[in-house]
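**Q** Start from chain A and add chain B according to the hints.
In order, the protein sequences belong to chains A and B. Using my numbering, read the first sequence as starting at 60 and increasing by one per residue. Using my numbering, read the second sequence as starting at 4 and increasing by one per residue.
Note that these hints are calculated values from the structure, not bench results. All figures in this text were calculated on a predicted structure; none of them were measured in a lab. Careful: at least some of the hints might be erroneous.
What the hints assert, rightly or not - Here are the computed distance ranges between Cβ atoms for each label pair: (1) 43(B) with 230(A): 49 to 57 Å; (2) 144(B) with 149(A): 52 to 60 Å; (3) 286(B) with 241(A): 53 to 61 Å; (4) 242(A) with 417(B): 23 to 31 Å; (5) 306(B) with 128(A): 28 to 36 Å; (6) 115(A) with 445(B): 43 to 51 Å; (7) 143(A) with 413(B): 38 to 46 Å.
No residue lacks a Cβ here, since even glycine has one placed at the ideal position from N, Cα and C.
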Amino acid sequence: MSLGMGTILLFLSATAPFKQARFCCFLDFISKACIETFNIIDNKKKCLVRSSAMQFPLKIFLATVFLSLALFSFVIYDSMAGNNLQNVPSEAVKGKMVFQKRACIECHTVFGNGGYYGGDLTKAYEKFGSNGLREYLTQPPLLSGAKKKRHIYLSNEEAEEIIAYFHFLQSIPNMDWPPRPVYDKKEESGVK
Amino acid sequence: MFRSQHLSYKYALFAYFLFGLQGLVASGGAIDLLFPDLGNPIPFVSGRAFHLNVSIYWPLIGMIGAMYFFFCQEAEREFYSLKLITINFWMLAGTLGLILGSLLLGFNEGREYLEAIWPLKLATAACTILLCFNLLTTYLASDMPRSRATLISMVTGSVTLIIFYVPNIVSYAHPTVDEIAKFMVVHIWEEMSLELIGTGVLAALLIQVTKVKRQAVETAIYLDITFAVLAGIIATGHHYYWIGVPSYWLWLGGTFSAMQVLPAIVLLYTTVKSITFKGISDLSNRDKITLSLIGSSMFYHIFGAGFLGFLMAYPPLNRYVHGTYITSAHSHLALFGVFGFLVLALCFHILFTEIILVKKMYRWCWGAIFALNAGLLTMGIGLLIAGGLQVYFWRVIGLGIGETNEFIRPYLFIRAFGGFLYAIGSLTLTFVVIKSIWPKIQVIFQSEGRLSVINCDDLHRMHRLVGDLLQEEKKIEPLLKRIQVLYQRLLFLNKEK
Numbered sequence: 060m061s062l063g064m065g066t067i068l069l070f071l072s073a074t075a076p077f078k079q080a081r082f083c084c085f086l087d088f089i090s091k092a093c094i095e096t097f098n099i100i101d102n103k104k105k106c107l108v109r110s111s112a113m114q115f116p117l118k119i120f121l122a123t124v125f126l127s128l129a130l131f132s133f134v135i136y137d138s139m140a141g142n143n144l145q146n147v148p149s150e151a152v153k154g155k156m157v158f159q160k161r162a163c164i165e166c167h168t169v170f171g172n173g174g175y176y177g178g179d180l181t182k183a184y185e186k187f188g189s190n191g192l193r194e195y196l197t198q199p200p201l202l203s204g205a206k207k208k209r210h211i212y213l214s215n216e217e218a219e220e221i222i223a224y225f226h227f228l229q230s231i232p233n234m235d236w237p238p239r240p241v242y243d244k245k246e247e248s249g250v251k
Numbered sequence: 004m005f006r007s008q009h010l011s012y013k014y015a016l017f018a019y020f021l022f023g024l025q026g027l028v029a030s031g032g033a034i035d036l037l038f039p040d041l042g043n044p045i046p047f048v049s050g051r052a053f054h055l056n057v058s059i060y061w062p063l064i065g066m067i068g069a070m071y072f073f074f075c076q077e078a079e080r081e082f083y084s085l086k087l088i089t090i091n092f093w094m095l096a097g098t099l100g101l102i103l104g105s106l107l108l109g110f111n112e113g114r115e116y117l118e119a120i121w122p123l124k125l126a127t128a129a130c131t132i133l134l135c136f137n138l139l140t141t142y143l144a145s146d147m148p149r150s151r152a153t154l155i156s157m158v159t160g161s162v163t164l165i166i167f168y169v170p171n172i173v174s175y176a177h178p179t180v181d182e183i184a185k186f187m188v189v190h191i192w193e194e195m196s197l198e199l200i201g202t203g204v205l206a207a208l209l210i211q212v213t214k215v216k217r218q219a220v221e222t223a224i225y226l227d228i229t230f231a232v233l234a235g236i237i238a239t240g241h242h243y244y245w246i247g248v249p250s251y252w253l254w255l256g257g258t259f260s261a262m263q264v265l266p267a268i269v270l271l272y273t274t275v276k277s278i279t280f281k282g283i284s285d286l287s288n289r290d291k292i293t294l295s296l297i298g299s300s301m302f303y304h305i306f307g308a309g310f311l312g313f314l315m316a317y318p319p320l321n322r323y324v325h326g327t328y329i330t331s332a333h334s335h336l337a338l339f340g341v342f343g344f345l346v347l348a349l350c351f352h353i354l355f356t357e358i359i360l361v362k363k364m365y366r367w368c369w370g371a372i373f374a375l376n377a378g379l380l381t382m383g384i385g386l387l388i389a390g391g392l393q394v395y396f397w398r399v400i401g402l403g404i405g406e407t408n409e410f411i412r413p414y415l416f417i418r419a420f421g422g423f424l425y426a427i428g429s430l431t432l433t434f435v436v437i438k439s440i441w442p443k444i445q446v447i448f449q450s451e452g453r454l455s456v457i458n459c460d461d462l463h464r465m466h467r468l469v470g471d472l473l474q475e476e477k478k479i480e481p482l483l484k485r486i487q488v489l490y491q492r493l494l495f496l497n498k499e500k
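If we strip away everything but chain A, and leave its shape as in the complex, we get:
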């Protein structure tokens, strides 16, 4: 409306005779002021529209952050709460400390995570038994490809603790990972 008024006033001031110059100047001033006001209001409206348009993606993003964090926290809590995780026997805790102190994870994997050269140890207790593990750790063999370098040596006490840890690892229900080989040699030869 102010634009329309301003335009009309400008038109009138432009067509008024010279004798009424002062009145025309006044009209000119008023019309320009109206157009200026309209532009300011229009710009503010555009700013408001733009800023509220920009707020919407931000709100969606922040909502996504909070909901994702909430859902993640809930499922983590659910995974650890109740009877999902058994208590760790004290010998197994000591064995875990030995395992970490010797940084076995740099060459071996547990649950498939770690170094990929030395093989997975999740079911090592089932595979080798406590006697096999004890012999391996206290009388370490040569590493594959080596003629001099041997596996890390552990004392008898450390070996017992780590065996307790492997025994506990094996008991964790992890959907039977790692999978048995498709052509299991032991099964084929009938050995249990």
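**A** Structure of chain B alone, referenced to chain A:
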């Protein structure tokens, strides 16, 4: 340029130094694995721990430097505290130096990627808190719209760095809980926090270099970061499949991991849309190298991280490929391929904003980029084949570890060769950067106050003095003319006498 941007130079330089070091140590480790009797001064265990930690920290330091550089540009104001930027750098550098030194000396907490002893982990957490504090206070004090996508992206990314690092300061008795906590850093740091920070910083860089309009990329940035959060957090589940958690993680991890391809595609679309072929030819040599490094990052983002990760995260497939060198191939292609190249691009752009790189050195840079890509692809291919053979020998025919290692040895040779190529590229690029920066090294490492005196304030003062001198020259000119006229009269009078 803001003073904060000057202070970010040392972050970028330190990142390049560590990047060069990583290539050397990793090559040593690859050779040790192939020839165990060779006798390495650094034990394999210590070397691998060094390699893993430096591979997490140097992109982090580079990214923090990039944040300090681009955040103030986007907020259009100086950082809240310039002193904190310097303190943050020395804290980070000191912490990392101690971590790497302690790992080489055999102090190892025995958790992959988190081998540092707990006081140093506490120090790392403190560094991220400092960063977050400075960013948040600057953001709140800025006059720019609160919803500016680049700012939101960087702030959120830095806050999540702390949230997901703190649970890992200590170790847990139950191995499952340990794994749950560990992957909050190993996965969420890389695929959510650094993705958010990287998106914000990359968008700011592209707006600056290619002059693309902000409105054109804002919506794409929001789409990208929303997908990154939506997919990235719950997709951590693809690391949880076999660690002893309930089976619903197979569905959660698998579904959200599949969604992780979306932010990569949105990011690629945004990058390509902001660059035109006509535009590239008009760019400076520095910007061409920056964009080629970004292009490398995009390539590995789609193929190394995106598609390979997508295939690996599919639970029935993951059951067989998990725990083999295929995971190692993916981690090299994703971690260095995506974030490594991105950080190299950002740090290169930052360091050569004011410092001029000699033309001859640009040819070395192109050679280095070629070597890095060739090396990384060779490593990736070698590891993929080695991993594929492990899957066959272990999961199909049930061969033992020793026999399998003998069969995959040739492919570990290929990996080592790729690593050698990569090391050539990394050392060349590091050499070029350090050689070019060396004359200005003192200025870069000076404290905040002295840097401002030497660089910014003195320049302004000099500019004012030159302006005053020019004004004075205008006054002096008529005087000189009068003196000249008088001198000529005196000469004439002298001749007459």
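**Q** Against the structure shown, which of the earlier numbered hints fail to hold, in ascending order?
**A** When the structure is compared with the hints, only number 1 turns out to be violated.
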